[in-house]
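**Student:** These are the residues of each chain, in order.
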Amino acid sequence: MRITHRAVTQTALLGLNSNLSSVSKLQQQLTSGKLISAPSDSPTGTNKALQIRQDQSAVEQFAKNISDGQSWLDSTDTALTTVIGQVQRVRALTVQAINTGSASTSSQQAIAVEVAALRESLLGVANSSINDRALFGGVTQGSTAYDTDGTYVGAPPVGEGITRRVSNADRIRIDVTGPEAFGTPGPDDLFALVGRIAADVEGNPSALSGDLAQLDVALDRLLGAAASVGARSARMGAAGQINTDLQLTLASQLVDVEDIDLARTIMELNQTEVGYKAALQATAQVIQPTLVDFLR
Amino acid sequence: MSSTFGGLNTARTALWASQRGLDVTGQNIANVNTDGYSRQRVELRAMGGTAVPAIHSVSSPVGNGVDASQVDRIRDVFLERRGQVESGRSAQLTVGNEALAQVEAAFREPGETGIRSMLDDVWAGFSALANAQDPTEPAVRSQVLERLDILASGMQTTRATLDQQWQQTRDNVVALAAEVNTTASSIADLNTQIRQATRSGLPTNELSDRRDQLVMRLAEKVGATSVAASDGMVDVTVGGTTLVAGGSALGLRVAGVDDPDAVGTGNDPRLVTAPGGTTLAVGGTAGGQLTVLSTTLPSYRNALDGLARDLVGKINAVQAQGYDVYGASGAAEPLMDDGSGNPVVDLANVNAGNISVRVTRPELLAAATTAPGVLGGPSADGDNADAFFDLSLADGGVDATYRALVVALGVEASVAARDVEVQKVISTQVDAARESVSGVNLDEEMTNMLSFQHAYSAAARMVTAIDEALDTLINRTGIVGR
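Heads up: the protein sequence lines correspond to chains A and B, in order. Take the first sequence: its position 244, counting from 1, is numbered 244 in the working numbering, and each next residue is one higher. Take the second sequence: its position 326, counting from 1, is numbered 1326 in the working numbering, and each next residue is one higher.
Incorrect hints may have been included.
[As the list claims (entries may be wrong)] Calculated cross-link-like contacts (lysine-lysine; reagent style PhoX-like; alpha-carbon spacing at most 25 angstroms):
hint : chain 1 : residue 1 : chain 2 : residue 2
1    : A       : Lys277    : B       : Lys1424
2    : A       : Lys48     : A       : Lys34
3    : A       : Lys25     : B       : Lys1424
4    : A       : Lys48     : A       : Lys25
5    : A       : Lys277    : A       : Lys25
Treat the hints as calculated values from the structure; they're not laboratory data. Predicted, not measured: the structure shown is a model, and the values here were computed from it.
Next comes chain A alone, as it looks inside the complex (with noise of 0.2 angstroms):
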């Protein structure tokens, strides 16, 4: 083939220029640490970068979900445990009541007294809230649970309850509504029980054994709220536990995608980088002579 300079210099040209660009590419990618610039880097790539980072983004909300949601947990923990120790203080004077039937009505009096105060510390503990919120509530929009002469006035348990959503799949429960814990509205439910005890201890001695059975019933209704209360945090920690790694995990495969491995980045630049000043050696060479130069 007849070979000119301007094919010498076309070819040396486009040489160059290729060698040139991988350079500027990864120039590129260092500077901007970043593997995948645009789509069409590595469209696999792409899809894959776009998926993390959306579950990126809703782990991140998951992780204060579960947040909110455990303290939410343990301000219905708190307030339950501290209801159970008032329960059990009138199941204690109840019992009191019971034994000292000859006792002077002044001790019966006493009696009938710290139950009725028991009863508004009660109330007042069921109308605990959160954030203006009312912890024992259900969905109301209101700020109490109950009112002043202990009628239910939050929302009835609907669907699942409130609940966090912790993960793409998961949501946990984190209210107990008044009823759940507290028992059915109604002359049955704790206050109206604590009620009638107080009225009882001085009106109607005889009917507080059968009070005091209710009353354990009552218990055994919180303490079983307590519990579930109890088994609903562990696992909000369980969530927490998984939300944490599956950060750390979506994390570092962002980095696996869309992120340079410096090192090697580093060596290929410097291999093409040789390359580079290669091919600029023998187009400096090879361009320079003709045949001019040897002529007389």
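Using the hints, position chain B against chain A.
**Tutor:** Chain B in isolation, oriented as in the chain A frame:
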């Protein structure tokens, strides 16, 4: 027997031929770097004596020297044709590749500024609302509306960028048509001049080079090819239609819609002849740009519009299932629409250019699933907000569609980039082959120069030799005894 002074004449033709050879070498060297220049060569031909027998002719001729009147352009027509085809194809692929790169830039993926990131923010906002301690609180609700608004304007921006790209590409086609028209009439003019020169027997090499260079430019712009015609002229055809026939050129103009919305209605932008209005099957830059106008950009634009429509439909459907802070059903208050504010959202009118958030009061966001009838009043639950979040997990949901769109774009763009790479190699090979035929090699020119220089010296010596011989004859003979 040859004439007495015949030898001088032979030497004269030799001198002239060598001089001509040196002149052509000089021209070649002068144009070593000129674009489109084809090297030239003196065609040397030995001149014989008369071959017609005559009664009184007693000569036994040895020839009358050398004829150097012909200077040829060295060019391979087949390779030139290949060169035209390949340069047209290169230009077409390059345009497609650049357009896709611009589309990629419009989508800004993967990164923190793209639509994907805005979608994530929206879903996270809904999840935050669903899991808020108090989902009725305005702050957490307005945040969702704000994020939806950012998403809507993000889609609008991307679509506006695509529209702008469409308009710019169309403007480029119009400018290109004007350039093609100028080039075609220049070719026609040069054709005329070449015919005149050929008919008067004048050299046309430089004119032909200039014309062929213009033909190559047309090949790149509209995928034109040339066919040799009489008297050294060429005819230029584009997709089967003759654009330049000898000394006359046909004009081109851009026809078809000038609004991206109207593409696909059978009146897509195209190049037609003027006069005539026949659609041309163009290649080259124009072919690439027309494909971008009628296929590439509209397909991404439509995909984005479909995404916007899908988003509005799904968001409004979930909104309709729930109840707002006042316990009113969300069905009466669609969250997003086409910006018209019509009471009923017509999904067919929604596109990425007009998608907007319709609800302005955060209380109207239907975050609750519990009907007010159940509680005797509005509820504070956030389960419906969680149903909004579920949209992000759905198979075939907006996120999955968008991801598929970006991946399809990536695949198309990377295929286009690879095609350009391959075509570049082919073009370079063809160019090198053309160059190897028509290009100037300085070493060759130097050796030619030496040859002609030596030939000239020898011819001059020949003149001296004959001169001396004649001197002997004229001045030294017949002087015996003087």
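**Student:** All hints, please: hold or fail.
**Tutor:** Verification of the hints:
Our distance criterion of 25 angstroms between C-alpha atoms is met by Lys277(A) and Lys1424(B), whose separation comes to about 23 angstroms. At most 25 angstroms may separate the alpha-carbon atoms for a hinted pair to count; Lys48(A) and Lys34(A) meet this at roughly 14 angstroms. With a CA separation close to 18 angstroms, the supplied pair Lys25(A) and Lys1424(B) stays within the 25 angstroms bound. Between Lys48(A) and Lys25(A) the alpha-carbon distance is near 22 angstroms, which keeps this suggested pair within the 25 angstroms criterion.
Among the hinted pairs, Lys277(A) with Lys25(A) is consistent with the structure: their alpha-carbon atoms are about 16 angstroms apart, no more than 25 angstroms.
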